[in-house]
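*Asks:* The lines below spell out each chain.
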Amino acid sequence: MSIHAVTAASRFGLGARPGDLARIKGDPRAWLAAQLDGTSEATQGVGRSAERLQQYFEARRSGGDPAVIALFRKEYREGFAADVGARTRRAAATDQPFRERLVHFWTNHFTVSALRPLVAGIAVPFEEEAIRPNVTGRFVDLLFAAVRHPAMLLYLDQAESIGPNSRVGQRRSRGLNENLAREILELHTLGVDGGYTQADVRAFAEMLTGWSIGNLRNGVIGAFNYVPLVHEPGSKTFLGRTYEDDGEREARTVLELLARHPSTARRIATKLARHFIADRPPAESVDWIARVFIDSDGDLRAVYRAVIAEERAWRDPLSKVRAPSDFVVAALRATGVKPEGGPVMRAQAVLGQTPLTAPSPAGWPDEAEAWATPEAMMRRVEFALAFAGRVRTHMEPGDLAESVLGDALSDETGAAIRRAGSRTESLALMLASPEFQRR
Amino acid sequence: MLSSRRRLLLGLGALSLPLPGVALAAAPTDRRFVFVVLRGGLDGIGSVVPYADPNYRILRGEIALASPGQEGGILDLDGRFGLHPALAPLETLWRARQLAIVHAVATPYRQRSHFDGQDLLENGTVEPRAKGGGWLNRSIALLGKPKEPNRRLGLAVGSTVPLLLRGEVPVATWSPPVLPDASADFIAKLSRLYRDDSVLGPALAQGVGAQAMSTEVIGERTMGGTPARGPGAFKAASEAAGKLLASAVGPRVAVLELNGFDTHAQQRNRIVGPLAAFADGMIALKDALGPAWTDTVVLAASEFGRTAQVNGTLGTDHGTAGVAFILGGRVAGGRVLGRWPGLAASQLYEGRDLAPTTDLRAVAKALLKHHLGLPEDALGKVVFPDSRTVRPLPDLMPA
Chain A
0 MSIHAVTAAS RFGLGARPGD LARIKGDPRA WLAAQLDGTS EATQGVGRSA ERLQQYFEAR
60 RSGGDPAVIA LFRKEYREGF AADVGARTRR AAATDQPFRE RLVHFWTNHF TVSALRPLVA
120 GIAVPFEEEA IRPNVTGRFV DLLFAAVRHP AMLLYLDQAE SIGPNSRVGQ RRSRGLNENL
180 AREILELHTL GVDGGYTQAD VRAFAEMLTG WSIGNLRNGV IGAFNYVPLV HEPGSKTFLG
240 RTYEDDGERE ARTVLELLAR HPSTARRIAT KLARHFIADR PPAESVDWIA RVFIDSDGDL
300 RAVYRAVIAE ERAWRDPLSK VRAPSDFVVA ALRATGVKPE GGPVMRAQAV LGQTPLTAPS
360 PAGWPDEAEA WATPEAMMRR VEFALAFAGR VRTHMEPGDL AESVLGDALS DETGAAIRRA
420 GSRTESLALM LASPEFQRR
Chain B
0 MLSSRRRLLL GLGALSLPLP GVALAAAPTD RRFVFVVLRG GLDGIGSVVP YADPNYRILR
60 GEIALASPGQ EGGILDLDGR FGLHPALAPL ETLWRARQLA IVHAVATPYR QRSHFDGQDL
120 LENGTVEPRA KGGGWLNRSI ALLGKPKEPN RRLGLAVGST VPLLLRGEVP VATWSPPVLP
180 DASADFIAKL SRLYRDDSVL GPALAQGVGA QAMSTEVIGE RTMGGTPARG PGAFKAASEA
240 AGKLLASAVG PRVAVLELNG FDTHAQQRNR IVGPLAAFAD GMIALKDALG PAWTDTVVLA
300 ASEFGRTAQV NGTLGTDHGT AGVAFILGGR VAGGRVLGRW PGLAASQLYE GRDLAPTTDL
360 RAVAKALLKH HLGLPEDALG KVVFPDSRTV RPLPDLMPA
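The listed protein sequences correspond, in order, to chains A and B. Just so you know, we're using numbering that gives the first Met the number 0 here: the first sequence kicks off at 0 and counts up by one. Just so you know, we're using numbering that gives the first Met the number 0 here: the second sequence kicks off at 0 and counts up by one.
Just chain A, with the same shape it has in the complex:
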């Protein structure tokens, strides 16, 4: 088996920069494994969710003053755009692209979407505060941090859920919202066929009542806040076990159970294998990763090591299609173009994937058929042409292509790039080539 540097840089990373492949070709696996050590510092230029939510609550306190609300909306939207720009800049510049891919993977697994306006200003902060610090820790801690974060509590309506028999529930007609409970079970942990019933969803939703966020009157603004007055009293039965009333801790107990459940191990293993190995991952790969997940009690570093140890990942040709926003990042890395927030975000939008705006809690799709549509291919070609015109590099385009695509570059594509009529056309051919769409 030959170990290719481009596999490490493309399949597991965000695409090579000129010179990267030469640096990592000695031991590509070790280059990946080293990225799992240590911690990952916060991204420069991303806002804090507590501050953003403070702005929101203060705008609300104005009693509907349209000038205040309009200003808030403008600042909030601009904050989101700045956050996305900072996130893309980091991805384009990072020396730890595998680690960054993992951060993005989990942000998508625990989707919060800026399509919901209130989530927009805290979507990238969610990634920074809940995902990034836990990405090489234990799954249970990542799960806990993600579902307790204000962005998730707002996105999946948990902050409004009220136990029907709680003190508040008895006074008001509003009640239980099952959204977060259902999506934790269906999307974040067990999976839709993971062995739970509607009664389990409802029980879990009852156990989650009281998980909310602090506002101007109650708790720390914009932080997780437990509100006992809305917690559903009494015992609950979940997955066949009965739990006595334990307030805030009830949901924590369930999350610990879910994090260790074999269905969860299987679901996470399947998603990781689909993300890094193939759209239809081999059963043996999934079995092996799931086994490591269970045996290590959800130690994510051990799980990632299992993924990069998979021989198929190194042996098979690069078959995954880069998602649009990763295609843009790969173009930035290959060419050294400094990303400007506005144009980059517009490019991602035209290509159909503004980061953190997934259409549903299920997140962005991870299969080629979702991205390789005829219209999307034309947008990629047009992007390649427009982008190539902005590239300022002293390298010959043919050398540049060899430097970033390595063994993945076919003779024919290499020759076409060298033969093209202009520098811009050469670079556009590289960016639009089939090799550049793959990882």
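Among the clues, some could well be false.
As the list claims (entries may be wrong) - From the structure, some residues in chain B lie toward chain A, with a derived Cβ separation under 8 Å:
#1 D196
#2 L199
#3 Q205
#4 A264
#5 V309
#6 T312
Unchecked claim - Restricting the straight-line Cα-Cα distance to at most 25 Å, the calculated cross-link-like pairs of lysine to aspartate or glutamate (DMTMM-like) are:
#7 A/K337 - A/D398
#8 B/K130 - A/E177
#9 A/K24 - A/D406
#10 A/K270 - A/E368
#11 B/K130 - A/D278
#12 B/K188 - A/D406
#13 A/K270 - B/E167
#14 B/K130 - A/D199
#15 B/K146 - B/E167
#16 B/K130 - B/E375
#17 A/K73 - B/D115
#18 B/K130 - A/E185
Just so you know, the hints here were simulated from the structure itself, not pulled from any lab data. Using N, Cα and C, we set each Cβ at its ideal position, and we do this for glycine too.
With chain A held as given, fit chain B onto it using these hints.
*Replies:* Coordinates of chain B only, in the frame set by chain A:
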């Protein structure tokens, strides 16, 4: 390309026979259907004004519009309702009986979130965030497959596909050019590199084909003059959609989107632009369709209406029932349909909103059944799941 099928359909229409739903469902139609999503919560009371209702002026106060006949006044329709003056271009369609209005209409959604309201408007169920894509994609699936392998029956106008058109059937998209077109030479070079790629190769080839078609139909994309955003954008998008729909091998179902109806404040000024854009867009669509306008029905609706009473910032807040517009050459128009619930305090929904008396699904079903020929059984099970009790609204299309 004007097939015998089309002549057959027109013939049936002339004979006033009900369309044979099953036969139509077996093959693509030459009928056109356009849905316009009016995003933000269009104020039904402020756009199709119930000026004869004694409570209208009381509730709307400073933002009530001048009576018909006065300068800048409401444009009377039938002695009960009148159009907002910004909708003036639609008057000719009304007089030609090619515009019908359903008032006090609502989806089954009874909360007041844009996000969930639009989600439910588009997914066709009674639950926000239900899985299974949009009801219009499911409708296209029932139309059957076109003979030409690369042809798409559905068209999303814009850079993304709205939920309404998402689902198992692939749809085409068209958006005003924001990036340069690739030259034929570049495409030829690139296509050679994709020759052996079994996944991306066919996708690129189909994309090139679809682009060639839209260039042929709409004209050179790089000629400019199609604004991607701003006041003229919706008109340009409507015109492009009309041209593509008019083509014999073009799409048959299209979705247009128009934002800006969330008029919480200063509604008197802020609603004018979006309403005028809508009216201009519809006329541009009709003109671009040409003779195919006869085969076209347009349904325009919003996720919800707005509160009956003016609020403290001279606007209106998220409400419940609103208004739907049905336009087209075959529409039994010139009428405001739906039972008017009244604006007295006791008649309002939850004491604040125009009360819903017609289910929007009944409107859509009438059009899908009588215009596209989809069987009612499938409409109640597949297109709008579990909705068999919601019967198609009578009288919208000629019997």
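*Asks:* Decide, hint by hint, whether the structure agrees.
*Replies:* Against the structure, the hints come out as follows:
no.	hint	verdict
1	D196	holds (5 Å)
2	L199	holds (5 Å)
3	Q205	holds (4 Å)
4	A264	holds (4 Å)
5	V309	violated (13 Å)
6	T312	holds (5 Å)
7	A/K337 - A/D398	holds (20 Å)
8	B/K130 - A/E177	holds (16 Å)
9	A/K24 - A/D406	holds (11 Å)
10	A/K270 - A/E368	holds (16 Å)
11	B/K130 - A/D278	holds (21 Å)
12	B/K188 - A/D406	holds (21 Å)
13	A/K270 - B/E167	holds (22 Å)
14	B/K130 - A/D199	holds (20 Å)
15	B/K146 - B/E167	holds (18 Å)
16	B/K130 - B/E375	holds (22 Å)
17	A/K73 - B/D115	holds (22 Å)
18	B/K130 - A/E185	holds (12 Å)
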